[in-house]
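A.B. asks: Listed below are the residues making up each chain.
Number of protein chains: 4
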Amino acid sequence: MSDNALPLVISAPEPRTLDLIFTQPQLARLRSKYRIVETTADGVANLPADVLAQARYIVGQPPISPDTLDQMKALRCVFNVETNLINNMPYETLFARGIHVVTTGLVFAEPVAELGLAMALNLARNIVDADLAFRQGRELWGGDGNLTARLLSGADVGIIGFGDLGRALNRLLSGFRTRTKVFDPWLPPSILIDNGVEPASLDAVLSTSDFVFVVASVTSENQGFLGADAFASMRKGAAFILLSRAGVVDFPALMAAVKSGHIVAASDVFPEEPLASDHPVRALPGFLRSAHRAGALDIAFKRMGDMVLEDMDLIDRGLPPLRSKRAERETVSRMRSKPADRN
Amino acid sequence: MSDNALPLVISAPEPRTLDLIFTQPQLARLRSKYRIVETTADGVANLPADVLAQARYIVGQPPISPDTLDQMKALRCVFNVETNLINNMPYETLFARGIHVVTTGLVFAEPVAELGLAMALNLARNIVDADLAFRQGRELWGGDGNLTARLLSGADVGIIGFGDLGRALNRLLSGFRTRTKVFDPWLPPSILIDNGVEPASLDAVLSTSDFVFVVASVTSENQGFLGADAFASMRKGAAFILLSRAGVVDFPALMAAVKSGHIVAASDVFPEEPLASDHPVRALPGFLRSAHRAGALDIAFKRMGDMVLEDMDLIDRGLPPLRSKRAERETVSRMRSKPADRN
Amino acid sequence: MSDNALPLVISAPEPRTLDLIFTQPQLARLRSKYRIVETTADGVANLPADVLAQARYIVGQPPISPDTLDQMKALRCVFNVETNLINNMPYETLFARGIHVVTTGLVFAEPVAELGLAMALNLARNIVDADLAFRQGRELWGGDGNLTARLLSGADVGIIGFGDLGRALNRLLSGFRTRTKVFDPWLPPSILIDNGVEPASLDAVLSTSDFVFVVASVTSENQGFLGADAFASMRKGAAFILLSRAGVVDFPALMAAVKSGHIVAASDVFPEEPLASDHPVRALPGFLRSAHRAGALDIAFKRMGDMVLEDMDLIDRGLPPLRSKRAERETVSRMRSKPADRN
Amino acid sequence: MSDNALPLVISAPEPRTLDLIFTQPQLARLRSKYRIVETTADGVANLPADVLAQARYIVGQPPISPDTLDQMKALRCVFNVETNLINNMPYETLFARGIHVVTTGLVFAEPVAELGLAMALNLARNIVDADLAFRQGRELWGGDGNLTARLLSGADVGIIGFGDLGRALNRLLSGFRTRTKVFDPWLPPSILIDNGVEPASLDAVLSTSDFVFVVASVTSENQGFLGADAFASMRKGAAFILLSRAGVVDFPALMAAVKSGHIVAASDVFPEEPLASDHPVRALPGFLRSAHRAGALDIAFKRMGDMVLEDMDLIDRGLPPLRSKRAERETVSRMRSKPADRN
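Protein chains in written order, with the numbering used here: chain H, 1 to 343; chain F, 1 to 343; chain Y, 1 to 343; chain W, 1 to 343.
Be careful, since some hints might not be right.
Copies of the same chain look alike in the list, so a pair counts if it works inside one copy or between any two.
[To be verified] For lysine-lysine, the following DSS-like pairs were computed, each having C-alpha atoms within a straight-line distance of at most 30 Å:
1. LYS325 with LYS259
2. LYS73 with LYS325
3. LYS236 with LYS259
4. LYS33 with LYS302
5. LYS259 with LYS33
6. LYS259 with LYS338
7. LYS73 with LYS33
8. LYS325 with LYS236
9. LYS236 with LYS302
10. LYS73 with LYS259
11. LYS73 with LYS236
12. LYS338 with LYS302
13. LYS236 with LYS33
14. LYS236 with LYS338
15. LYS33 with LYS338
These are computed hints drawn from the structure, not numbers from a lab.
Using the sequences and the hints, build the whole thing.
C.D. replies: In structure tokens:
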């Protein structure tokens, strides 16, 4: 087949790059099956008319005006590999025309869930401070070092949000025989039950759990919804693990709850990233910090390439994409998670 | 029933205490069903003849001479709640008479497995040093902080030893879809296969795993069996997690392998405990330290009381004990794990 | 709230009835939350203009003309409770307007999977003929009656089609430690792998399985795709279990393969239903028959009501339906499964 | 090694044969590692003195007198491959000398559990009578044929006895999300809980289950313990599946309960085997019959050879047997299950 006969893909994946999200063999496969036109996000609007007219796929989340979209007669799917949906394209028109908009954020679920579980176990066993004490010759041996130690096995666990990440976390917990309650107002209870967890109110999740994992996206409705009252309602000594976005939490209230000794906490996300060098969370005992490292593993990025290739293959065969997650008409405009400007 | 009609229990559980291993309700139950004679380990030999003659159970691991044993006509079971068998009683005679000797070490399996998993995830994600850097304002954000980060999900895992602890660890791994190889020369391969793991040689476990967990007891045959060659055969960057006894490892060789950067490691056990304040492992980068804290949780000790009560109840009804682990004629004399002198 | 302020639902669920798919408490809940206009499928077109204009939901699969649809300005979702999509409404327009078309066939997955597993075990152990022999005093005792008996545990299993039913079947198999291969050209391989099964070609599924389950829907592309060659490629003595639609199979070829003794088979579906009284499959040894009874359990129908209520609740709150299965633009026109005319 | 230097095995496995329980490669392996002296059960006592003196293992359950045992100085293990322990050897002396007596009945657990599950599904869906009706042209289509149909998924299940067979059954049920209660007075509750089932009284198991599986061995205490009162306490329409031994049931009372329509039942075992040709159970509607075929699969017998070889290997290396099940001093004399006189 002459190269010109190959389906055309516009590539503008920033801040990702094709090399980040495809292994070399995958990239070779991509190039063998498609004609790739690489540009910047802002460059898409200025692509030649024939490129726009022929493009079957976009890899990236470039701004697209209604006029530009109108020219893209062959467009079938936008692969948003940054994964946070922003309001820079006419989603309604895309949906009306049956053009899929998909995100590849599923790849982060497993790495984030692993870090979240690790954080929970660290808080339960105080691993960081115990190692520091050991370095300094002040370690406590045996039971003397375990006065606040707890088990995750058999514990009451609460999960706030049950998308890909909540499910990945629940899967990792499968060997721990926890009693797990989930609050997710966007899901019907029966789906939670089918996943082996108990649907619960936010209050119940907060007040009856030993470990609370927050994995909910920020939406127009839930910014800062976890504040001082929420933390006060938690069990004394319980652990709060924040994995999704700092925006869902009143961060000063969280720090205050930890400082008071009522709860312990861990977070991968912060109100500003990077964080001011004198931010008080840096010195807060009972708080475990991670600098937005939970998902950004090379192995995760490379799985994006798999997903994109698998879904392009389905769409090429006249089938709907199944591997990536589709943006939904109803919820696309409610999303408020800030896109990453780094990988 | 008059108190004297109750079956008699000799209690000499040091270094445990009845209050450590029984909750208050359990202890009340014990006292309501049995007549308890409390003494020290060394005091057992000097108990009155009628106490020795009537004792149905011993809780503890006191030295017992053949003569003393000969007086204990009603003895049915010795509950070793320290859990490391030492050679201070005539085991052959006990077995010949059908007196059970059982240990309650199962209670430690779950807490130790949780710490082991936590250590593996810590090594994979470098959680301790990342938190330290964050405290000091030198944290690396996002992917920049993940250059050596790895996933446990889908990894090759090796487990050396597949007793209660190996099985508990394997259960915790059930949500991680690992490919798990096990070396345990005391078990037939089919039992490993039934547990969903792959029987393997020691060489295969060491050389083809991303994470190696050592959970084997020390025996007369395996002291120091993991040395420089073993560590050299491991994959570059693999993680070695030592959870059972330092005696199975050539500790200086382990430190050298970590120092060279070939592997990373974590350990809950050390050649001497407590450890000299200037021991070089205290300052070794790439090594995560825990001061024999893995199992010694209050919740674990309290489960011992459950086990003892459940097995006493079975034996009282003419049935064999099933909850505690029976010492075996064939292996009792091979055990070399040093008993704990603290809880 | 005055009844007229309630959202309006058009109910035309034939061949179902509201009493079939809702329990009494569910039906009361439906009526308390919505204004229900009950009609026949053919009656929808003739409903008063204000009813059409206000209808938020349709329960059923009535014929809808473009003109009628044009009047239905408030329509948000069509709940197809018959569950086989037929080409009697302008799907493209529905999709373009963002109106969901959903089916509730998931409720049948579990009952059908249970019957399918039962059929497989029946074929493996020859339960029907053994019971008949026992009734007649000709039973064979012990191993004498087990000459062709096989285990499902540890067997090679093949599944053709991996929609809701294939997944339900796979879940039921989870205790059997089977090696399971799946052929489903509409799914990317990674989704199969995530479900713990091995993606495979049709040939591989047929030729290397001890039990082959057919749970694929009939589409415009796969009618009669399992014919004499397919059966000849199966292992001698293997079991073929047909659960979805007779249309995917060359039925005379299947009967011939069973008659020859090459395979055994079971089917819940037949080329005509009801079947001619002299159809040769009625007398075919090695063939287990069920008269399209696999899914039609009252408990399954009642779960439809749950699904409808849960998804209406989500849509009422501005969220997409998640419990029912959405028709897809790409595949809706390929479906060829004949609707049921009975329950 | 000269053949005479090989450890000696006395083989008297009747009613089994070496060819039944070993595959050809296993048998070759047995013969290459051991010197086999084949005899009948009754022939053991008459073996030459040097054979008795050198025998390390016995495969079979021959009668052994105290005198004969006294000559067997090297005996380490008796492998009872019939699997029902009878009182024909001095067990106390065997135990006192540390000679293991093991049974290989575990091999039957999986086949019996599969038939038990199949029976439950057959009763739930009335598969036998539906196929018979289909053969005769009187089948009922769709829901018309499902008036009494039930699901096992999500049902209340009761298991009486939780040895190897109960556990195998519980494993097969793992995909069915049942609520499973177990009655087993020989096990501590915590072991049941660890297996994910709920310890319960016999009354609770009987009166709150939709499916009751009886997998308890006959002992001196439980003969006929399931009688008219037990069946009357069951839920209307519940299914009773008898898999272990007819001796635990009052069989006429079971038939009466089925005949009355109160319950349905299935059984693999009968008061006499073979059964009189005019026994009324042969014609009892609502009763599914199997002629003691549940366990006697060739694949099961062949697994015995694996077990024997694995445990001989362990014992040869000075370790205790782990694969076979050890007879226990406390319970060996209580067993009353009649040995099989056929395979």
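A.B. asks: Now, for every hint given, state plainly whether the structure supports it.
C.D. replies: Going through the hints against the structure:
1. LYS325 with LYS259: Classified as neither; 39 Å inside a copy, 44 Å across copies.
2. LYS73 with LYS325: both (23 Å within a copy, 29 Å between copies)
3. LYS236 with LYS259: Intra 13 Å, inter 41 Å, cutoff 30 Å: intra-copy only.
4. LYS33 with LYS302: within (18 Å within a copy, 48 Å between copies)
5. LYS259 with LYS33: neither (56 Å within a copy, 47 Å between copies)
6. LYS259 with LYS338: within (28 Å within a copy, 41 Å between copies)
7. LYS73 with LYS33: within (20 Å within a copy, 43 Å between copies)
8. LYS325 with LYS236: neither (38 Å within a copy, 36 Å between copies)
9. LYS236 with LYS302: Between. Shortest inter-copy distance 21 Å satisfies the 30 Å Cα cut-off; intra-copy 41 Å does not.
10. LYS73 with LYS259: Cα proximity of LYS73 and LYS259: none, with 57 Å in one copy and 55 Å across.
11. LYS73 with LYS236: neither (59 Å within a copy, 51 Å between copies)
12. LYS338 with LYS302: Classified as within; 22 Å inside a copy, 43 Å across copies.
13. LYS236 with LYS33: neither (57 Å within a copy, 36 Å between copies)
14. LYS236 with LYS338: For LYS236 and LYS338, the Cα distance exceeds 30 Å both inside one copy (32 Å) and across copies (37 Å).
15. LYS33 with LYS338: Answer is neither; intra-copy 33 Å and inter-copy 37 Å both fail.
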